[in-house]
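Heads up: the sequence lines are chains A and B, in that order. Residues 1 to 487 (my numbering) make up the first sequence, in order. Residues 488 to 1168 (my numbering) make up the second sequence, in order.
Hints in this document: simulated from the structure, not taken from any laboratory. For glycine and all other residues, C-beta sits at the position ideal for the given N, C-alpha and C.
Covered stretches of chain B, going by a simulated chain A footprint (3 or more residues, C-beta under 8 Å):
| # | stretch |
| --- | --- |
| 1 | 545-556 |
| 2 | 1103-1112 |
Among chain B residues calculated to face chain A with C-beta under 7 Å, some are:
| # | residue |
| --- | --- |
| 3 | Val1148 |
| 4 | Tyr1151 |
| 5 | Ile1152 |
| 6 | Gly1154 |
| 7 | Ala1155 |
| 8 | Gly1158 |
| 9 | Thr1159 |
| 10 | Ile1162 |
| 11 | Ile1163 |
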Amino acid sequence: MNNLESLQFFIPELFLTAGLLVTIIVELLLKKEQKVFTAYLAATVLLITIFFLIRQYAIEPAALFGGMVVIDPMAVFFKILTAVSTLIIVFFSIPSFRVKAEYYVLLLATTLGMMLMAQVNDLLMIILAMELVGLVSYVLAGYRRSDPKSGEASLKYILFGAASTGIMAFGFSYIYGLTGQTNLFEIQQALQSTQHNPVILFVAFVLIIAGLGYKIAMVPFHFWLPDVYEGAPTPVTAFFSVGPKAAGMAVLIRFIISIVAGVSADGQTFTANAPIHAQELLAVLAVLTMTLGNLSALQQKNIKRMMAYSSIAHAGYMLMALAVFTSQSVEAVMFYLVVYMFMNFGAFWVIHRMTPHLGSEEITAYTGLGYRAPLVAVAMGVFMFSLTGLPPLAGFIGKFYLFAAVIKAEWYILAVLGVLNSVVSLYYYAYVTKVMFLNRGDDESAVSISSYDTALLLVFLIPTLVLGVYWVPVISWATQSLHFFLG
Amino acid sequence: MITQALIIWLLPLLAFTIQIFVGKRLPRKGDWVSVSAIGISFMLSIMLMIQMFMAYDPEFAVTAAMPWIETGNFAIPLGIRLDNLAIIMLMVVTTVSFLVHVYSMGYMAGDQYYNRFFAYLSLFSFSMLGLVLWDNLFGIYMMWELVGICSYLLIGFYFTKDSAANAGKKAFITNRIGDFGFLIGLLIVFTTIGSFNFSAIHEGVSSGLLSGGLLTAAGVLLFAGAVGKSAQFPLHVWLPDAMEGPTPVSALIHAATMVAAGVYLMARLSFMLSFDAMLVVAYIGGFTAIFAATIAITQNDIKRVLAYSTVSQLGYMIMALGVGSYMAGFFHLVTHAMFKAGLFLGSGSVIHAMHHSMHKLHLHEDPNDLRLMGGFKSKMPVTYATFLIFTLALSGIPFFSGFLSKDAILGGTLAFAMSQHNPIHFLLPVFGFTAAMITAFYMFRLVIRTFYGKPVRPEIYEHIHESPKQMTVPLMVLAALSIFIVYTLPSFNPTGAAGGWFDHLIQHPHSAVSAQLGHDVLHIDHETEHLAHISGIIISILVAGLGILLAFFIYYWKKADHTRIAQSIRPLYLLSFNKYYFDEIYQATFVRGLLAWNDLLNWFDAKIIDGIVNLSATVTRVFSAVSGLFDLHIVDGLVNGLANVTSLFGNGLRKIQTGQVQNYILGALLGTVLIIIISLI
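Okay, chain A solo, but in the shape it has when bound:
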């Protein structure tokens, strides 16, 4: 499809771009105390974008802009997911960023980047979209200018990101050199039609995985994550933990179904393009990722850092499912991302709102919180247990689908290692609950929270509880979205 024709399928992105520009201009016109209005404007823009996105389900899968991006239900799923996560983050950020209005503009810009990542179909486009997300993220990470930790986080993020992109681009150049193509489906055809040197292909594959792995925090490309998560403002940390990660997963899935393997039209069978043991490599990396994430989380005293390692471990669980290359596993990952969004945002929200009251981000500061702010503590307990994957909470169902996909594909050892990891994670998640309820701190004064805080807490808590007993709508949404454009 040529560029002009493509525009009609690009309405959400165009609207978002227009909304972003309007938000910048409006922000200039507002007085300081009115600046919070930009947040509401950004939320409205996102809401309307989501509305446009939902309508995109009706569109037949097609390639747009000369094959640069595609539009198919899977792309729409990830676009909606990232837009919703940003929408939530807008409300998440309002208490801390009332006057810094350009912050919301940056969030919108990242969303645009993530939406592009969800639908990439060209090597160049992958780099462009990922850099758009990356560059804005660096600014967001360093947003608390007065805090040296925040600046440090930003700088580390930039340097690490630049290096990773470099590695990935290097890998892309191998692929281009082998096939002479940048379009993913052209590459697929070239790989399937002629035999290429598997060693070079494998090297290219590893290099690309390194670049993508940085985005989703796969070991050993995770080093940046704990420092950035700890240093960045908490709303930004929460934002990083879901949206960009989901977008990274989307790129990885695209990459798997085009360059690594071919997929049948119904998404049921995957056939490898070249004999390069990509699955085994991903499986090993998945186990390393979750094991390192969990074991390191065990030793953390700072709750934000613990959550950072926990997010590495969760990336490992999702990678574990992706490694088996079945439609079920892709569906499971999509479902898990939805669940993960609610429980992880919930945990970060509690951390974010409690830190000023508790005066510290140390886990020990949460001692006796169950007696000081019962609702918050109970909610935190629910999020922790859901992250562990205990029934009847949403996290259990999410993990159930991940493990079911792995077991169905008969990768039993991988599943066992995943379960063992879940057991380890119980320790540090339950520890938080333990200090909140079983111990009593010196300070027993009640912590009062505003109704805004409670409302947003319920936005995270209710889905975490409800999706644990009734999840059919979400899983069938994922199933319906499991429909790829195949060139």
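Given chain A's structure and the hints, the job is docking chain B onto it.
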């Protein structure tokens, strides 16, 4: 209709949620939330009932389902089935529940945990209604456990009292035993048929997917759940103790609804009972009926008499289902729910009055004790009149509802015995008729000792007052519902339900076992049935009359001294008074045995499991320390040297990460290279 049913079901859940979180802060502690929720459910149930009457079709059924769990081949839909059985049961549950809610506003007034009480009542109503509505065993099992939890919470409502807390635990644990059987039965059904849905099970059994010994086993195991919940022998021990809960709870849960859930389950599953399974059900039910009745004679606690009476009547219902009298069993469930709830609420009214009187006199005696009452007739006219009606209904006196249903059961057992070639099955009608006589006797013993004669303790009698309106109005409503006409319309025949709406609407479902075998599981011809019915009426009126006469003879006219009689048959008396020593036997065998086993496990846990756990913890710690050290010393040491790291971070050990971005990038690059090298080797 489905929407209506969903509203009926979910309103109490909403009320529960509101009550448990903000109930305390609401005006009147939020009792109106629960009462209006169940009130609306009650009215909507009436509307469903009207729709059922408009259809007036025995096969009437509406179903709806939506997907719930779906993973590959394993699917459990969420489904609701509204047929005559379910609608009548909804009506029973909402009626009794609504009346008990209203009654509780008077009875529980001023209680410290008033709002919590109503929250639990709402949760119970939700669970019980769900149990009635689900169209599959899985859903029923979930609700089954939920009602169990509500029962536990409400029995132990006065949890500061040891006896109440223990009774709650006893109820819960005893039920677990039955539920375990239920679960296994459920799994047998699912593994053989592949579905929990009733219609799928019906088809599966008809087509022979589940047959022979396994079918009998599934039937008996599912029945084990009913044995626990409906307090049948040998798991009956929890119900009398459950009377530690507040009296409205006894009326709602432990007389009318939850304990009837077992009967309801068996009614739902009667299509899949093989002949052998039916025999087990019939004998357990029949034996429970007479066994519990003999205990009720000697009890002095007014609520305990009623509790044993409930056990006995539940036995009747179970026996009826066992002998294939489907309509009779369910009919007795409905009529019994009304008059037994009435009896409990009536006894609650008496206890309430006793309690207040004793409170005034600063007496610390048991307000439930029959031996302290007497002559309350004039002081509590409404309670007395309604109590008498309930008693007549329970004793099986013509013109009252209990006569219709009890007679149908007794006729059914007679017909069953006559149609079998084995004379031993005449034991069942013998059990039934004897229990009927004993029932009439102990109920009139209760009435005479409470309401007639001279006051035993004049000082208590002085301060007895009629209970408030919230308590007496429900009694009057229930009394009206215990008159025969309610169940026989459009016929006015006081001797049988035949020709009435109930008989028309509730008909035995086609047995799937018969379909599988190709012949009837149980064949009773019309003549036998008719003969059994006629003789059933005559004998049951005779035995009930005899029982009542005997009661008047001993307790009213005092022609014989009851203490002397007890003395002359002392061993039997003690056996009955001590409930056949079942609690003691269980204590000596199961509880002791369990404790010994527990000690053994404890030892095993402390010595062996802990050893393994500690070992693995050590291993994990060492491993994570090693991985920490690896990061710290090797990776960092490679680049900067250990000294540099420690100087940057005073507490370097805590930090796995160096904090230096060049190390990170180097790590990532090294990682990439390592991956490639390792994979290529």
